[in-house]
Amino acid sequence: MNRYPLWKYLLIVAVIAVGLLYALPNLYGEDPAIQISHRDTPVSAALGGEIGTVLDKDHIRYKRIEHEGDTYLVRFYDTEQQLKAIEPLKTALGSRYVVAVNLAPATPKWLRDLSAQPMYLGLDLRGGVHFLLQIDMGAAVEQVLDRDETGMRRFLMAQQIRYTEVSRDKEALYIRFPDATQRDKAETALGTEYTDLTFSPVQRDGVPALAVHMSAAALAETQRYAMEQNITTLRNRVNELGVSEPVIQQQGKDRIVVELPGVQDTARAKDILGATAGLEFRLVSQQGNAANVERTGNLPPNTRLFHERNGSPILLQRHVILTGDYVVNAASGFAQQSNSPAVFITLNAEGAHLMSDATRNNVGRMMAVVYIESKPVTHMVAGKKVVSHQKSEEVINVARIQEQLGKRFQITGLDSPQQARNLSLLLRAGSLAAPMTIIEERTVGPSLGKENIQQGFNSAVIGFLLVVLFMAVYYRIFGLVANLALIANVVLIVAVMSMIQATLTLPGIAGITLTVGMAVDANVLIFERIREELRNGNTPQASIHAGYERAFGTIADSNITTLIAAVMLFAFGSGPVKGFAVTLSIGIVTSMFTAIMGTRAVINLVYGRRRVKSLAI
Amino acid sequence: MFQFKQTHINFMSKRHLWMAMSVILVILSIVALATRGLNFGIDFTGGTVVEVHYDKVVPLSKVRESLHAHGFKDAQATNIGTAQDVMIRVAPKLHEDRSKIGDQVLSVLQASAGGQVVLRKVEFVGPVVGKELRQDGSLALLYTMIAILVYVAFRFEYRLAIGAVIASMHDIIVTLGVFAITQYEFNLTVLAALLALLGYSLNDTIVVYDRIRENFRRMRKGSPVEVVNTAVNQTLSRTVMTSLTVVLVLLSLFFLGGSVIHNFSVALLVGVVFGTYSSVYIASSLALLLGISKADLMPVKKGEVDDRP
Numbered sequence: 001m002n003r004y005p006l007w008k009y010l011l012i013v014a015v016i017a018v019g020l021l022y023a024l025p026n027l028y029g030e031d032p033a034i035q036i037s038h039r040d041t042p043v044s045a046a047l048g049g050e051i052g053t054v055l056d057k058d059h060i061r062y063k064r065i066e067h068e069g070d071t072y073l074v075r076f077y078d079t080e081q082q083l084k085a086i087e088p089l090k091t092a093l094g095s096r097y098v099v100a101v102n103l104a105p106a107t108p109k110w111l112r113d114l115s116a117q118p119m120y121l122g123l124d125l126r127g128g129v130h131f132l133l134q135i136d137m138g139a140a141v142e143q144v145l146d147r148d149e150t151g152m153r154r155f156l157m158a159q160q161i162r163y164t165e166v167s168r169d170k171e172a173l174y175i176r177f178p179d180a181t182q183r184d185k186a187e188t189a190l191g192t193e194y195t196d197l198t199f200s201p202v203q204r205d206g207v208p209a210l211a212v213h214m215s216a217a218a219l220a221e222t223q224r225y226a227m228e229q230n231i232t233t234l235r236n237r238v239n240e241l242g243v244s245e246p247v248i249q250q251q252g253k254d255r256i257v258v259e260l261p262g263v264q265d266t267a268r269a270k271d272i273l274g275a276t277a278g279l280e281f282r283l284v285s286q287q288g289n290a291a292n293v294e295r296t297g298n299l300p301p302n303t304r305l306f307h308e309r310n311g312s313p314i315l316l317q318r319h320v321i322l323t324g325d326y327v328v329n330a331a332s333g334f335a336q337q338s339n340s341p342a343v344f345i346t347l348n349a350e351g352a353h354l355m356s357d358a359t360r361n362n363v364g365r366m367m368a369v370v371y372i373e374s375k376p377v378t379h380m381v382a383g384k385k386v387v388s389h390q391k392s393e394e395v396i397n398v399a400r401i402q403e404q405l406g407k408r409f410q411i412t413g414l415d416s417p418q419q420a421r422n423l424s425l426l427l428r429a430g431s432l433a434a435p436m437t438i439i440e441e442r443t444v445g446p447s448l449g450k451e452n453i454q455q456g457f458n459s460a461v462i463g464f465l466l467v468v469l470f471m472a473v474y475y476r477i478f479g480l481v482a483n484l485a486l487i488a489n490v491v492l493i494v495a496v497m498s499m500i501q502a503t504l505t506l507p508g509i510a511g512i513t514l515t516v517g518m519a520v521d522a523n524v525l526i527f528e529r530i531r532e533e534l535r536n537g538n539t540p541q542a543s544i545h546a547g548y549e550r551a552f553g554t555i556a557d558s559n560i561t562t563l564i565a566a567v568m569l570f571a572f573g574s575g576p577v578k579g580f581a582v583t584l585s586i587g588i589v590t591s592m593f594t595a596i597m598g599t600r601a602v603i604n605l606v607y608g609r610r611r612v613k614s615l616a617i
Numbered sequence: 001m002f003q004f005k006q007t008h009i010n011f012m013s014k015r016h017l018w019m020a021m022s023v024i025l026v027i028l029s030i031v032a033l034a035t036r037g038l039n040f041g042i043d044f045t046g047g048t049v050v051e052v053h054y055d056k057v058v059p060l061s062k063v064r065e066s067l068h069a070h071g072f073k074d075a076q077a078t079n080i081g082t083a084q085d086v087m088i089r090v091a092p093k094l095h096e097d098r099s100k101i102g103d104q105v106l107s108v109l110q111a112s113a114g115g116q117v118v119l120r121k122v123e124f125v126g127p128v129v130g131k132e133l134r135q136d137g138s139l140a141l142l143y144t145m146i147a148i149l150v151y152v153a154f155r156f157e158y159r160l161a162i163g164a165v166i167a168s169m170h171d172i173i174v175t176l177g178v179f180a181i182t183q184y185e186f187n188l189t190v191l192a193a194l195l196a197l198l199g200y201s202l203n204d205t206i207v208v209y210d211r212i213r214e215n216f217r218r219m220r221k222g223s224p225v226e227v228v229n230t231a232v233n234q235t236l237s238r239t240v241m242t243s244l245t246v247v248l249v250l251l252s253l254f255f256l257g258g259s260v261i262h263n264f265s266v267a268l269l270v271g272v273v274f275g276t277y278s279s280v281y282i283a284s285s286l287a288l289l290l291g292i293s294k295a296d297l298m299p300v301k302k303g304e305v306d307d308r309p
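Protein chains in written order, with the UniProt record's numbering: chain A, 1 to 617; chain H, 1 to 309.
What the hints contain is simulated information worked out from the structure, not anything from laboratory work. It is possible that some hints are incorrect.
[As the list claims (entries may be wrong)] Here are the simulated DSSO-like pairs of lysine-lysine, each with C-alpha atoms no more than 30 Å apart in a straight line:
1. H:K221 x A:K253
2. H:K294 x H:K221
3. A:K170 x H:K131
4. A:K450 x A:K109
5. H:K100 x A:K450
6. A:K270 x H:K121
7. H:K100 x A:K578
8. A:K613 x A:K8
9. H:K121 x A:K253
10. A:K450 x H:K56
11. H:K221 x H:K14
12. H:K62 x H:K121
13. H:K221 x A:K270
14. A:K270 x H:K131
Quick caveat: nothing in here was measured; it's all calculated off a predicted structure.
Okay, chain A solo, but in the shape it has when bound (with noise of 0.2 Å):
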């Protein structure tokens, strides 16, 4: 009785020592740093040299330069070392890099080696903006619609059937005939031809028309293409905000959740998002030589100076052949013939027709795809703040025309698949698929946000205290053992949030601190029980036993009952709910290890194994 296999024993100090290293991240807190990442590609091995020299040559005292996958980490000692660091280091890389201010962990590597993190906090924690947006999906489907309308037209026009006019409202195309013969033989035509569509024959102010729907897949697929599209382009342009670690995730169907940690000036924040790009694919000039005109300042006729991403000037013609808007997909992939990467775009009908146009006599000319954005700057004008508009315009690519090219054509000649996955990145994300709108606005105050932690941490830790304190003055020995589990169980949730990379809020702590309240129950049950068995006359040993014995139906039925609440909370709830739940949920089972099989594993280790008089219970 009351004694334990080893493999148990072992399989506790197993969990607790793993927990322990899991949890260890927390502890060693954050490094003030500043992040350098590339715009579109990894960052260079060389560029960790380049950073060295610029620090150095102002004299600004740094921990370490660190490479890490696609960025550059500069930890320093002090965030009045960071701040110094910030203008020379944007000054020396150009607008090429992403210069962001970052809180580093300090977790040392051997620890990141075996991927354990600290926590990832909660902006309510930490300091920061968290945007809600919606994508208006009605206007993805009415774009979709206008296209398919012209098309349609021309379809029907070139089948020579007679149709007499064409109308429709948010979902749905209408088109109207003269004869209900038309309209059968408009009906197989078109369901032939668009299978995306779905027709319907109806009756439209008396006369035969059908009505035009997407089907339920093209609908989805819009949507989705919307979604991901827009994700793209904020990833974009939060990108210019040089925000490290932003978070930017799909929640629902149609919005999406943007955080920006350590962002103040939000103001700024939203016009970037709301920033608006575009693309133009324009001929190269065969006039005059690019470095001339631009040491001159001399343009030949019908041309404009324009600039590669580079930095090296290229002379294009004035008139534009065509813009983004008629972009209506960007892949990247690999061309056929030479197996080289490139990238594949659909234009809509129009934009097929003046793409044609343009590239019938130009044959074997190169073609540039000029990237536009506008973005707002803020100046300080006599000590107040004015925004403009700044328009940057760059050229992404330039490529010769192998043939005349249509509605879908392939752009070759890039250097990498990365650079063609970036490019038709671009070529989507120069624009929204969908207008959104903040529905959701949360900023938290760098003040306000150490505040809660240090509120938030101080009432966990004296909630804990007391609770400690009551059970060890109440239950003596086995109050004691009961502590040991309530510690070892707040080490278990806090490495279990660690590696799932949960994020911890305010009301999360607030949940862990009552799950700590909450988890001695178990231990209560146990323990009354054990004391109900010596009153009743059994010896010490035998109402251990019975103790846990009992109790363990109890426990377990209590905590599924729990359980079951905070799978269901967090499978209907949303924000801090869920972020509840999780905590709730992860409680409940390591303190079931914990206070069931930890404080057992211990009392048969103290009372196990020997006869026992009298309990100290």
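Use these hints to put chain H onto chain A, whose structure you have.
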């Protein structure tokens, strides 16, 4: 050492009195909810809240004046905590770019303040989100109740399941009633607290039920009332102990946790007190009222050994 003596209180003898008391409490709560309603926070109503800190005391009338002068006619300004901390609420407007209201309010304050203004918090919630949240919140509660009803009915007995669910609803309605009467702000964290309370209250009830079931199986004689009475007495020390530890934690959160979790701890404090009471009186009284008897809880021979550690 000190500990609870085994009590022999005849709880069930006064069960009708307490039941009547609970019915009155629930009715009062519902009346309060219907007449006064809950003071919903911005999470639920939508609108804009700006919290700022001045470096010196600025009269609220001055803050209001400058806001009214700049077109925020419906803005309310109140002090929170200290006279230097001001909270401004603006109801959701239908026109304009609503998401910019927070920035506008802040710039008005910065331009016309009688001192340095530091931003502490800006929250803007569109009206749609709040409405959805109210729906999601009530749905979450409803689904949770159903899931628990099914689980308890399956593990115990349908009469106990109904008792458990009614007892927890009792706790939640009374807590909501307290919020309606005091007009404390009801926000998302309070909703989370209510849901945690649901878990806690059930926990308590299940422990008592478990003992009732055990006693029905072990005690050879005794009327249902006696059996239930014994169970409540046997679990009383545990019920009180656990509630005490939870209350200790909550008091610490209440006094030291800061404004964000203040209402969270209020909701739980009220709920835990009523939850403890309802698990002693309401849940078990309901089981008796619904006519639970020994025969309902006798074990099915096979499924008894599955819950050993």
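A quick look at each hint next to the structure:
1. For the given pair, H:K221 sits about 60 Å from A:K253 by alpha-carbon distance, which is inconsistent with the 30 Å threshold.
2. At roughly 10 Å between alpha-carbon atoms, H:K294 and H:K221 fall within 30 Å of each other, so this suggested pair holds.
3. With a C-alpha separation of about 24 Å, the suggested pair A:K170 and H:K131 falls inside the 30 Å cut-off, and the hint holds.
4. With a CA separation close to 27 Å, the supplied pair A:K450 and A:K109 stays within the 30 Å bound.
5. With a C-alpha separation of about 26 Å, the suggested pairing of H:K100 with A:K450 holds against the 30 Å cut-off.
6. The suggested pairing of A:K270 with H:K121 holds, with an alpha-carbon distance near 16 Å, which does not exceed 30 Å.
7. Restraint check: the Cα-Cα separation between H:K100 and A:K578 comes to about 28 Å, which is no more than 30 Å; the hinted pair holds.
8. The straight-line distance between the Cα atoms of A:K613 and A:K8 is roughly 26 Å, inside the 30 Å bound, and the hint therefore holds.
9. Distance restraint check for H:K121 and A:K253: the Cα-Cα separation of roughly 29 Å lies within the 30 Å cut-off, and the hinted pair is therefore satisfied.
10. For the hint linking A:K450 to H:K56, the alpha-carbon distance of about 21 Å falls within 30 Å, and the restraint holds.
11. Using a Cα cut-off of 30 Å, the hinted pair H:K221 and H:K14 holds, with the two alpha carbons roughly 22 Å apart.
12. For the hint pairing H:K62 with H:K121, the CA-to-CA distance comes to about 20 Å; that is within 30 Å, so the pair holds.
13. Between H:K221 and A:K270, the direct Cα distance comes to roughly 74 Å. Violation of the 30 Å bound is thereby established for this hinted pair.
14. Simply put, A:K270 and H:K131 have alpha-carbon atoms about 24 Å apart, close enough for the 30 Å limit, and the pair holds.
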